[in-house]
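The primary structure of each chain is shown beneath.
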Amino acid sequence: DAKTTQPNSMESNEEEPVHLPCNHSTISGTDYIHWYRQLPSQGPEYVIHGLTSNVNNRMASLAIAEDRKSSTLILHRATLRDAAVYYCILKGANTGNQFYFGTGTSLTVIP
Amino acid sequence: GAVVSQHPSRVICKSGTSVKIECRSLDFQATTMFWYRQFPKKSLMLMATSNEGSKATYEQGVEKDKFLINHASLTLSTLTVTSAHPEDSSFYICSARVNGDGTYEQYFGPGTRLTVT
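Residue numbers (our numbering), protein chains in the order written: chain B, 76 to 186; chain Z, 227 to 343.
Among the clues, some could well be false.
Here are some, though not all, of the chain Z residues that point toward chain B, as calculated from beta-carbon distances under 10 Å [claimed, not checked]: (1) Phe254; (2) Thr258; (3) Leu270; (4) Cys320; (5) Gln332; (6) Phe334.
Per label pair, the in silico range of CB-to-CB distance [what the hints assert, rightly or not]: (7) Z:Phe265 to B:Ser100: 37 to 43 Å; (8) Z:Lys246 to B:Pro115: 23 to 29 Å; (9) B:Thr101 to Z:Ser269: 17 to 23 Å; (10) Z:Arg339 to B:Pro186: 27 to 33 Å; (11) Z:Lys292 to B:Leu126: 36 to 42 Å; (12) Z:Leu252 to B:Asn131: 50 to 56 Å.
By construction, these hints were calculated from the structure, which means they are not laboratory data. We put the beta carbon where it would ideally sit given N, CA and C, even for glycine.
Generate coordinates for the entire structure from the input sequences, incorporating the hints supplied.
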């Protein structure tokens, strides 16, 4: 399975930007980088995904390194509702187009 | 975005009984659905992939006779935990895949918490 590595936990102050890193050194050329987040006792929620170029949507931005071996999810202004476990997942031919979840990063937002 | 529902949201059953969990795609047709389980403070673990009208493909180490999956229509998949034991207590999450735009986006249900007493 294509593997990702994320810090176990991170903290951020409310209303400050948060940069959540993800390493995926074994990524293949056709793997998409997906980010999902999971609030306690809920199913994962889609955040953003990309292939090569940086991506922006209403929830976050995704910055992808030029060699694609790492990426960073950027929450521009953290709110208390952003406290969740964030998963960086690769999906493509290597993974059978399936999601295999890693351990994720537990984000704590401090008021 | 596409909505996936699960029923029930939580269930308690006695050891030795079977319990069925339903997963529905509410506003789209899903040719492929996935079942995950998640233990407390752990990540999601893919159990099986099911395609409409065919047998499910189970991940290594998942007992297909214990976790029966049926994907009878493009909007419904069911997971039946047979002869449940306390160690089967877990959070079960389904996911449905939209195949329309080539990117194969997946949407997740809210999960079902199973407690086996």
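At a threshold of 10 Å, is the proposed contact between phenylalanine 254 (chain Z) and chain B supported by beta-carbon distances? violated, 14 Å
17 to 23 Å as the expected CB spacing between serine 269 (chain Z) and threonine 101 (chain B), which holds or is violated: Given range 17 to 23 Å: holds, Cβ gap about 18 Å.
Hint says 37 to 43 Å; check whether the CB-CB distance for phenylalanine 265 (chain Z) and serine 100 (chain B) agrees. violated, 28 Å
Can phenylalanine 334 (chain Z) be said to touch chain B, with a Cβ gap under 10 Å? holds, 4 Å
Honestly, do lysine 292 (chain Z) and leucine 126 (chain B) meet the 36 to 42 Å range at C-beta? holds, 38 Å
Using the beta carbons of arginine 339 (chain Z) and proline 186 (chain B), state whether their distance is inside 27 to 33 Å or not. holds, 28 Å
Chain B contact restraint on glutamine 332 (chain Z) - CB to CB distance below 10 Å: holds, 6 Å
Confirm or reject the claim that leucine 252 (chain Z) and asparagine 131 (chain B) have a C-beta distance inside 50 to 56 Å. Given about 28 Å between the Cβ atoms, the range is violated.
So, as I understand it, the hint says cysteine 320 (chain Z) touches chain B; can you test that by seeing if any CB pair is closer than 10 Å? holds, 8 Å
May I ask you to test the hint 23 to 29 Å on the CB atoms belonging to lysine 246 (chain Z) and proline 115 (chain B)? holds, 25 Å
When the least beta-carbon distance from threonine 258 (chain Z) to chain B is tested against 10 Å, hint result: Given a least distance of 9 Å, the restraint on threonine 258 (chain Z) holds.
Status of the leucine 270 (chain Z) interface restraint (C-beta, 10 Å, chain B): holds, 4 Å
The structure fails to meet hints 1, 7, 12 from the earlier list, while all remaining hints are met.
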